[in-house]
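J.: One letter stands for each residue in the lines below.
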Amino acid sequence: AQTVTQSQPEMSVQEAETVTLSCTYDTSENNYYLFWYKQPPSRQMILVIRQEAYKQQNATENRFSVNFQKAAKSFSLKISDSQLGDTAMYFCAFMMGGPGYALNFGKGTSLLVTP
Amino acid sequence: GAGVSQSPSNKVTEKGKDVELRCDPISGHTALYWYRQRLGQGLEFLIYFQGNSAPDKSGLPSDRFSAERTGESVSTLTIQRTQQEDSAVYLCASSYTGTVGIDEQFFGPGTRLTVL
Chain A
1 AQTVTQSQPE MSVQEAETVT LSCTYDTSEN NYYLFWYKQP PSRQMILVIR QEAYKQQNAT
61 ENRFSVNFQK AAKSFSLKIS DSQLGDTAMY FCAFMMGGPG YALNFGKGTS LLVTP
Chain B
1 GAGVSQSPSN KVTEKGKDVE LRCDPISGHT ALYWYRQRLG QGLEFLIYFQ GNSAPDKSGL
61 PSDRFSAERT GESVSTLTIQ RTQQEDSAVY LCASSYTGTV GIDEQFFGPG TRLTVL
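Residue numbers (our numbering), protein chains in the order written: chain A, 1 to 115; chain B, 1 to 116.
What the hints contain is simulated information worked out from the structure, not anything from laboratory work.
Restraint ranges, calculated between C-beta atoms of paired labels, are given here: (1) A:N31 <-> B:S58: 15 to 25 Å; (2) B:V12 <-> A:A72: 41 to 51 Å; (3) A:T114 <-> B:S53: 46 to 56 Å; (4) A:S80 <-> B:G16: 44 to 54 Å; (5) A:T5 <-> B:N10: 25 to 35 Å; (6) A:K78 <-> B:E68: 37 to 47 Å; (7) A:K73 <-> B:K15: 35 to 45 Å; (8) A:E17 <-> B:S53: 40 to 50 Å; (9) B:Y96 <-> A:E29: 19 to 29 Å; (10) A:Q83 <-> B:Q83: 34 to 44 Å; (11) A:S110 <-> B:A2: 28 to 38 Å.
On a predicted model such as this, the values are computed, not experimentally measured, just so you know. Think of the CB as a built atom: it goes at the ideal place given N, C-alpha and C, for glycine as much as any other residue.
Modelling step: build the complete structure from the supplied sequences, incorporating the hints.
T.: Pasting the structure below:
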């Protein structure tokens with residue numbers, strides 16, 4: 001079974017600063033995908049960024065980027081120029097490649113962006 | 001276009017009662033997932049539907065939980081004889097095919113179930 005660990009229950013960052021959220025995972029598979037989801041108080045899960053394990057290049061989406069270290073099984077999320085609207089729970093998730101696999105989620109990191 | 005919708009938004013019930021939760025996926029999405037999110041936790045997989053194939057029920061926590069899906073549309077999650085530990089947010093997600101790992105799952109807003 002695959003496990004996803006987020007070791008930071010809560011984090012805080014000032015507006016315009018940069019913050020990094022940590023995630024590690026455990027798997028013996030080679031074909032898989034990694035995701036970061038954002039969940040604001042509205043409960044709506046929003047995909048922030050995804051990474052295919054076979055790609056060496058780190059994924060980037062505007063202010064969001066990842067540091068994917070496959071050998072170390074680490075997948076951290078960096079948020080640059082933090083905005084008040086970034087305040088939310090952030091979940092790291094793992095999914096096996098292939099048909100019909102569900103997402104395995106970590107327990108989440110609560111991020112607070114302060115003025 | 002419309003996203004994934006779920007109803008009711010909130011449900012309060014008494015221990016021992018049955019509840020039904022509804023999910024309307026995005027039109028054209030053949031794959032549908034149910035997840036449970038307990039307070040302060042990540043999401044736990046419950047069940048997966050793909051087209052007309054037999055569902056993957058491997059995440060259902062007990063035989064009190066069941067789900068159905070009508071073709072490639074609405075799904076209902078039923079919890080019989082509810083217990084207090086069933087209190088959680090139940091989230092539904094759909095994806096286009098579910099046949100490749102990178103199909104993005106689009107989530108609904110969830111149903112918050114409280115069992116008194």
